[in-house]
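**Q** Heads up: the sequence shown at position 272 corresponds to 256 in my numbering, and the numbers run straight through without jumps.
Mixed in with the good hints, there may be bad ones.
Below 25 Å or equal to it, Euclidean Cα-Cα: the simulated BS3-like pairs (lysine-lysine) are [said to hold, decoys possible]:
(1) K40 x K263
(2) K40 x K242
(3) K263 x K242
(4) K247 x K263
(5) K150 x K210
(6) K246 x K263
Hints are computed from structural coordinates only; laboratory data are not their basis. None of the values given here were measured: they were computed from a predicted structure.
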Amino acid sequence: MIASILVIPNTKAPESKRGNTKGLKAWFSRIDVAGSLLLGTGVLLLMLPLEIGGVKVPWTHPIIFVLLAAGVLVLGVFVINEARWAENPAFPLRLIVHRDILFSYITTCCIVGAQTSLMYFVPLYFQVTAGASNTLAGLHLVPAVVGNAVGGVTAGNIIRRTGRYKVVILLSSLLASIGYTLLVIRWLGHTNWWESLYIVPGGFGSGMAGSAVFVSINAVVDREHKAVATSGLQLAVPIGMLLGVTAGSAVMLDVVQKVVDKKLIAIGLGLESRTEIIKNSIGNVDYIWRLPDTLRDIVISGYIDGLRASFGVVLAFSLIGLVTGFLIRERRL
-15 MIASILVIPN TKAPESKRGN TKGLKAWFSR IDVAGSLLLG TGVLLLMLPL EIGGVKVPWT
45 HPIIFVLLAA GVLVLGVFVI NEARWAENPA FPLRLIVHRD ILFSYITTCC IVGAQTSLMY
105 FVPLYFQVTA GASNTLAGLH LVPAVVGNAV GGVTAGNIIR RTGRYKVVIL LSSLLASIGY
165 TLLVIRWLGH TNWWESLYIV PGGFGSGMAG SAVFVSINAV VDREHKAVAT SGLQLAVPIG
225 MLLGVTAGSA VMLDVVQKVV DKKLIAIGLG LESRTEIIKN SIGNVDYIWR LPDTLRDIVI
285 SGYIDGLRAS FGVVLAFSLI GLVTGFLIRE RRL
């Protein structure tokens, strides 16, 4: 910090100029404070139900519908503000309605949602099926992380050499979809290290797509709006992350509860015992390995079905990203 201060040039304006606040006021007047607040608040209100739904409150709780309605209302006011009132809109509406920009955002949202969801469920899979520790379960993510880095570099080289980015987006989504399909088909509870590498295509494809979509945004936006368009891309990332994890978790928990409950009924357990086993198994993975063999096998089988269903959600996100990527029009660089 001290070194930075020492090398920063003296840019202090003369006293006569520093006393003039007219330029500063004009600069602040160009900031769309209302639009920024409305956009942030609207997105927050829409994302909050996804965060608390099914975890802190049931999906049918009135607060879920109130938050969603409030989010839609606030975003509606944001649209009116940007269209009619704002002199310098925080996010020009013509960017959202631009086909290539919109589909680039959706593609990013889907790819990030798929990959983030995968990062959440893969360690859980190995903890449940193999009793792996947190450290060992986390190590299974390393191939995907490496693939992500390599994919980003590879995409950059391909685009630099060919000037084409759409084919990179499509190829990355296709590779990721193949990897996610293998998870649904092959991860049946007895997964060795070789089969654990099925997550590599997903990581590699995610890295490629991230670089290619960034290029696609900059290829169609004029210089004046590049910063805003790129900011929108960064907004799509956390939205995709939350959507992916929330959707995958909701499906997994629903399947786990139904499968385990059905099998516990088959062996004659009452409602109170079933509820206790399901609740504790979902809340604490270590609890599963303290159960008697018969009950443990039932819970693990339920988790396997639930996790495979969540991998299906991941695959769906990736396929949607493939479709929206196909709809992006390419401009030769």
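**Q** Does each hint fit the structure? Answer for all of them.
**A** Results of checking the hints against the structure:
Distance hint between K40 and K263 is fulfilled; the C-alpha atoms sit about 14 Å from each other, no more than 25 Å. Of the pairs offered as hints, the one joining K40 and K242 holds, with about 20 Å between alpha carbons and a cut-off of 25 Å not exceeded. Note on K263 and K242: the hinted pairing holds, with a Cα-Cα distance of about 12 Å set against a maximum of 25 Å. Taking the CA atoms of K247 and K263, the gap is near 15 Å; set against the 25 Å cutoff, the hint holds.
Between K150 and K210, the direct Cα distance comes to roughly 19 Å. Compliance with the 25 Å bound is thereby established for this hinted pair. The hinted pair formed by K246 and K263 meets the criterion: a straight-line CA distance of about 15 Å does not exceed 25 Å.
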